[in-house]
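Protein sequences appear in the order of chains A and B.
Here the first sequence is numbered in the working numbering, starting from 644 and rising by one per residue.
Here the second sequence is numbered in the working numbering, starting from 30 and rising by one per residue.
Simulated from the structure, these hints should not be mistaken for lab results.
Mixed in with the good hints, there may be bad ones.
Computed list of lysine-lysine pairs in DSS-like fashion (alpha-carbon distance at most 30 Å, straight line) [stated by the list, open to error]: (1) K227(B) x K955(A); (2) K227(B) x K651(A); (3) K324(B) x K1013(A); (4) K1052(A) x K150(B); (5) K355(B) x K940(A); (6) K940(A) x K324(B); (7) K42(B) x K1052(A); (8) K1283(A) x K463(B); (9) K1013(A) x K431(B); (10) K1286(A) x K137(B); (11) K1020(A) x K431(B); (12) K355(B) x K955(A); (13) K1286(A) x K150(B); (14) K37(B) x K1052(A); (15) K36(B) x K1052(A); (16) K264(B) x K679(A); (17) K679(A) x K324(B); (18) K717(A) x K37(B); (19) K1345(A) x K36(B); (20) K1283(A) x K150(B).
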Amino acid sequence: MAAAGSAKAALQVAEVLEAIVSCCVGPEGRQVLCTKPTGEVLISRDGGCLLEALHVEHPIARMVVACVSSHLRKTGDGAKTFIIFLCHLLRGLHAIPDKEQDSLISPNIQTHRRHWKNCCQWKFISQALLRFQTQVLDYIMGHYLSKHFLSVFSSSTKERTLCRSSLVSLLEAYFCGRVGRNHHSFISQLMCDYFFKCMACESGCEEVFEIVDDYFVELSIGVAGLPVSDSRITAGLVLHRDFSVYCPADGDIRIVLVTETIQPSFSTSGSEFILNSETQFQTSQCWIMERTKAIMKHLQCQNVQLLLSSVKQSDLVLYYAGLNGISVVECLSSEEVSLIQRAVGLSPFVLPHASSQYEICNTALMKFCKPLIFRSKRYVHLGFIGTCSFIPHCVVLCAPVQGLVEQHKNALRGAFKMLRQLFKDLDLNYEIQASDQNCTSSPLTNRNSRESKPLPENGSIQSPCQGTVVKNKGKLATTEAYLKVYSNLVVPSIDLETYTPCSTPKGTPTDTYQTDETRRCLVKTRTIDDSEPFTEDNSANSTTGNTRIEISCENLQVTKIAGKGSKLPVREKSLEMCTSHSQCCSSIPAGCVLPVGGNFEILLHYYLLNYARKCQQSEETMVSMVIANALLGIPQILCKSQKGNYSFPHMYVRALHALQTNQPMVSSQTGLESVASKYQLLTSVLQCLTKILTIDLVINIKRQPQKVYDQDSDEEV
Amino acid sequence: MSRLEAKKPSLCKSEPLTSERVRATLCVLKGILTSSYGPSGRLKQLHNGLGGCVCTTSQSSALLSNLSVTHPVLKILTTSVQNHVSCFSDCGLFTAILCCNLIENVQKIGLTPTTVIKLNKHLLSLCTSYLQSEFCGCRILVDFSSTQILLCLVRSIVTSKPACMLTRQEIDHISALILRAFLLTIPENTKDRLVLGKSIIVPLKGQRVIDSTVLPGILLEISEVQLMKILPIKKSDPFKVALFCASLSGDLSDTGEGTVVVSSGVSLENAVLDQLLSLGRQLVSDHIDLVLCQKVMHPSLKQFLSTHHVIAIDRVGAALMEALSKVTGTQPIGSLGAISPSSYGSVKDLCTEKFGFKHFLHLLPNEATICSLLLCNRNDTAWDELRLTCQTALHVLQLTIKEPSVLLGGGCTETHLAAYIRHKICDEPESILKDDRCTQTELHLLTEAFCSALESVAGSLEHDGGEILTDMKYGHFWTAQPESPSVVNWSDLLSRCGCGLYTSQEELHWSFLKTTHPPFAPQTCLPHEAVGSANNLTLDCFTAKLSSLQVAVETANLILDLSYIIEDKN
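Using the sequences provided together with the hints, build the complete structure.
Structural data, given as structure tokens:
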């Protein structure tokens, strides 16, 4: 059985998912209760969790869910926005082609043919989307949106310092979408406290993120049955088990970590122990006893007061530990052991083979060790002194039911993931189709071309193009020659002949290498081929871009020619740009944020519309318009329950007005959100959409999935 | 062969609270809980059709653990209450009823969940800050110089569990016993941190409740055969005790991961037994009088010890080990040889006693915070209920030590709090309206819903159709006999308020709880002399009640916030 994999089907699927997901979005979002087959009850507002819990059956829905989860793995945020945005995009696309269809297809064409025709059209659109994502989006982000960015780092000093208040508002906005309405400010305060308490120094925050992310289960304790407001942070580590032996001790406590049993056994694995007489047995038992006693005595001599063991120790060891005033905690999980090793730098103590006196070097000091009781369950509380940039702290999460504890745990974990992403730079690889007007005369005149170049203003992209079409046969030949040189680096299937670099230079040229003023502009190359889409050359040029920029440093002439119709990735970090005086940033620097409540969407919407107006290609205009309009869906949902001045139309008009008159946008919300994660979300959605649009048929197979046999399965038989 | 099966899609329902089925089941649950509430609550008999014994109870922990709820919304409610009970032991029914009332009342007024949740939170924080404030009119600071308040607290708890089937005299006896047991766990001289001991409840079913008693130290149950072996020992000096946690059964201990090859003719059992007997000789030469073992003791060793007049008791069990080690002051021995003399302990006296049909060995400590509460009741279910009650009371006393205040019971705290909130909202609504985008009407509607939810919890204390009233001065809770003539003079008909602090002889005005009456400011700052004079107060645990109030409102908020239920049908 086959079903048409049209955008219509995808829209229906997306609308169902949107209906569920949209009720949990934003600060006004509500909770969803998920029951598991085991009878567990989970409370969640996390989009990824909900989509997983639904166990959707529809193949397109399953694909969407898979796309969402792969996005979540990367960023840990934005599953709900993903679905809403996708739904709005599909809606927009669904509305547009209807008009075109009528003109293209005569009504008497069979429906079957129309379907194939449709698919063709979807394919074009998906290609246009891909192109948009790779070319236009990064450019707009880097060029227009970047001036609106705020930062969580305070800019007063040279080195970046994290501004606490902006971190709080960032976290609060994050938790608004994750935890119950009453708890987000409390949880975000808790998280902020936790973060600052754990961080020894500003520079070590990356390590803190890494440790917290890796060992979150060990660093958090859930207590069901207490009000949420009883949640708190405790200094030190809390192990999820009780002392086997507890001897109260004061002052600094020396600890050792063992990973093997202290009591020697009769035989180790792989060996044989032969007993010939009863006395031999008794003496060996005596020896074992004496040996254990000696080791424990020695530990006491070295002032060890706490023994952490990853394995179960025998009664004998516990007895001698008690006699020597050593507390014992057994059966530590491997994660706990590695956390202790990492946070305190304590490596396991290796039992000596000779009974001679030796110094124990693998010890660490602790401020306290005491039992801790939550809900009549005992835990071990260890006051570690951190040796790295992570100061050990635990977070105790309380809630009336376990499901809520889990929700808060997941939200905290996600928040750490989000912060980790935020503190990284995100490169925007947008490409510039550089073209030089002077090249049109002759490649030989490049020397003096510098002087003749017009020096445009920064915002010159908006200015109308001044270029004229000049055909230069000789130049064309050179360009083609160069392109052929590079074509071996590139996907070989590219047909260079279809690409005629008789470009119409629009806008102004770029000189990134020689003049001090650096500016970039987007120059559109228009292919003269009548109906051929020019998608093929995109990938080729973007991959070769890097090689060309290197060459360009050595040989200007080459660059000028190669630059014709090619795209050069410009990064702020690339050496050329750093030395030159750049006015635009082409990466989203770490810590970039925007106010929540749809600011990002409205900004992007505004600039996309502007961009679309200047576009001359109908496809590109259409795609930009669709995306721009779909972006508005998110602030619409966020403002759904607001009335009066805060309602969406009001807010939208105000924002547009502010943008047109170059005033700062005033936001009613105090929260902040990461720009990088928004950007990544946008690209993920566009990728998902292109995937959906390229499918033309969904074939339903009712058969057990076939086993894929390995090559070497014969050997096993 | 593994069987492959496709996952079934989940069932997704929107707006669970609007469905009629959920409302009906919530109503049934509320009915069960309210009818069990308080000293005059009705008992529930739970019997499982598949087996197990019949349980007669009115306590939330027993009720909820035996009820099987299937609907996810109800599951949230019951697990929330059960979690609260496992933390605080007390106020389970209060939590459940308040939560049900809140959900029911909020549904009636039809505000959006957002507004409800925000305002509920504000009202809750008003309540908690008032209860914790100094001028709170329903909180009493506990004076540890006299046992009066603590005794009232324990008596209130015991009285509120009618399924224990106690007479008034028995209630007094049990309350006193519980308080004594608790006081015995407090160490006499403490350093900086107070570490409470433990009261061990020893069951003795089929006896009169009056026969219950508290003894310092530990009672070890022994069989009659064992009793015969123990010769009456008279000694003036303390008895020396050795406590083993290692098995003395003569089994071979773990021999490691490799192989052990035993030559023929070599009997390891004999070797181990030799070792055990030499251990026995060491114990005898160390003048040990009592050997206790957590696990099994080899019969030969037992025999050897008893011939040397050493009492040997094995299979003590892991649960008693900590208490035994505390009572005797020993270090549990995990070795079969080379015992350090420092790990021996001692007890002051050792005697055999007979309670009912059971024989016990009584270990009297020199100085320890362990005591045994020998609890008797007529039958199994009543005993179980009494045991739960005692555990609750002991836990509540521990909580009271940590936070030395108690709340007025008998419904007075609830009505007083409701009156305070009503007055506060009517008086200064700006504090809440300022930062939230909600109207004054919404605030008043929700305050009414919140306060009437609190008041109807108090109202659930009355099960016999009596009139429920509140006075207009203190905001306390009063009940009148049913079928009373329509009298004008309430002060003749009423005697004392719910908690027993005020009598009707004062100049008071009453109003029915269900009717609307103008908000009034209840008198705050409890007068000290009033508390001192009253000797039969009904009191509640402060910590448990405060937390249960928070948990109830949070759970109600959570349930009201649900927009979808996704049920995994796999």
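Results for each hint:
Note on K227(B) and K955(A): the hinted pairing holds, with a Cα-Cα distance of about 28 Å set against a maximum of 30 Å. Proximity of K227(B) to K651(A) is assessed by CA-CA distance (about 70 Å); at most 30 Å being required, the pair is judged violated. Between K324(B) and K1013(A) the alpha-carbon distance is near 28 Å, which keeps this suggested pair within the 30 Å criterion. Simply put, K1052(A) and K150(B) have alpha-carbon atoms about 22 Å apart, close enough for the 30 Å limit, and the pair holds.
The suggested pairing of K355(B) with K940(A) holds, with an alpha-carbon distance near 24 Å, which does not exceed 30 Å. The hinted pair formed by K940(A) and K324(B) meets the criterion: a straight-line CA distance of about 27 Å does not exceed 30 Å. Under the criterion of a C-alpha separation no larger than 30 Å, the hint pairing K42(B) with K1052(A) is consistent with the structure, at around 25 Å. Among the hinted pairs, K1283(A) with K463(B) is consistent with the structure: their alpha-carbon atoms are about 22 Å apart, no more than 30 Å.
Between K1013(A) and K431(B) the CA atoms are separated by roughly 18 Å; this keeps the pair inside 30 Å, and the hint holds. A distance of roughly 24 Å separates the Cα atoms of K1286(A) and K137(B); the hinted pair therefore holds under the 30 Å criterion. The straight-line distance between the Cα atoms of K1020(A) and K431(B) is roughly 18 Å, inside the 30 Å bound, and the hint therefore holds. Between the alpha carbons of K355(B) and K955(A) the distance comes to roughly 24 Å, so the proposed pair stays at or under 30 Å and holds.
Among the hinted pairs, K1286(A) with K150(B) is consistent with the structure: their alpha-carbon atoms are about 22 Å apart, no more than 30 Å. Between K37(B) and K1052(A) the CA atoms are separated by roughly 28 Å; this keeps the pair inside 30 Å, and the hint holds. Pair hint K36(B) plus K1052(A) holds up; C-alpha atoms about 27 Å apart against a cutoff of 30 Å. Distance restraint check for K264(B) and K679(A): the Cα-Cα separation of roughly 64 Å exceeds the 30 Å cut-off, and the hinted pair is therefore not satisfied.
Distance restraint check for K679(A) and K324(B): the Cα-Cα separation of roughly 41 Å exceeds the 30 Å cut-off, and the hinted pair is therefore not satisfied. For the suggested pair K717(A) and K37(B), the alpha carbons sit about 28 Å apart, so the restraint of at most 30 Å is met. Between K1345(A) and K36(B), the direct Cα distance comes to roughly 14 Å. Compliance with the 30 Å bound is thereby established for this hinted pair. The straight-line distance between the Cα atoms of K1283(A) and K150(B) is roughly 23 Å, inside the 30 Å bound, and the hint therefore holds.
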